[in-house]
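Participant: Sequence:
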Amino acid sequence: MLAYDYPLLGLFWSMMIFFLWVAWIILLFRVFADIFRSQDMGGWAKAFWSIFVILLPFLGVFIYVIANGRAMGERDIAIAQQREAEFQTYVRQTAGTGGAADELTKLAALRESGVLTDAEFAAQKAKLLTA
97 MLAYDYPLLG
107 LFWSMMIFFL
117 WVAWIILLFR
127 VFADIFRSQD
137 MGGWAKAFWS
147 IFVILLPFLG
157 VFIYVIANGR
167 AMGERDIAIA
177 QQREAEFQTY
187 VRQTAGTGGA
197 ADELTKLAAL
207 RESGVLTDAE
217 FAAQKAKLLT
227 A
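Residue numbers are given in this note's numbering: position 84 of the sequence shown equals residue 180, and the series is strictly consecutive.
Think of the hints as simulated: they come from the structure by calculation, not from any bench.
Fair warning: this is a prediction, and the values are worked out from it, not measured in the lab.
Distance windows between CB atoms, simulated: (1) M112 - R166: 26 to 32 Å; (2) I121 - T201: 51 to 57 Å; (3) R179 - P153: 28 to 34 Å; (4) G195 - I121: 47 to 53 Å.
Where a beta carbon is used, it is the ideal one built from N, C-alpha and C, also for glycine.
Working from the sequences, and respecting the hints, build out all of it.
Facilitator: What follows is the structure, given as structure tokens:
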């Protein structure tokens, strides 16, 4: 009743309810996605959780988050780490070698190990620097 005596408070209350509803919808979709991507649940468990969340949406979502919240977070972290590793691999493959400085470091290591003579090292270095 107090909210309707003060229109600004009514607006705040309406916005808060709307944003909580949107947050719950997002959580509902995340729960469904987690149910189906979970590798440790069998088909019957996935069916049970899906039916439970469909029949009793608020209670089902909250119980699922309480029961499987930690595993849900661990799966999210594992997926993020996998995507990061794939991205890093892609960047390394796309970028290729480190350029002339990297090649000079490799040549210096070969000269230190005795594979290249000083004359061969100088020739390769000149060739790299002019390219």
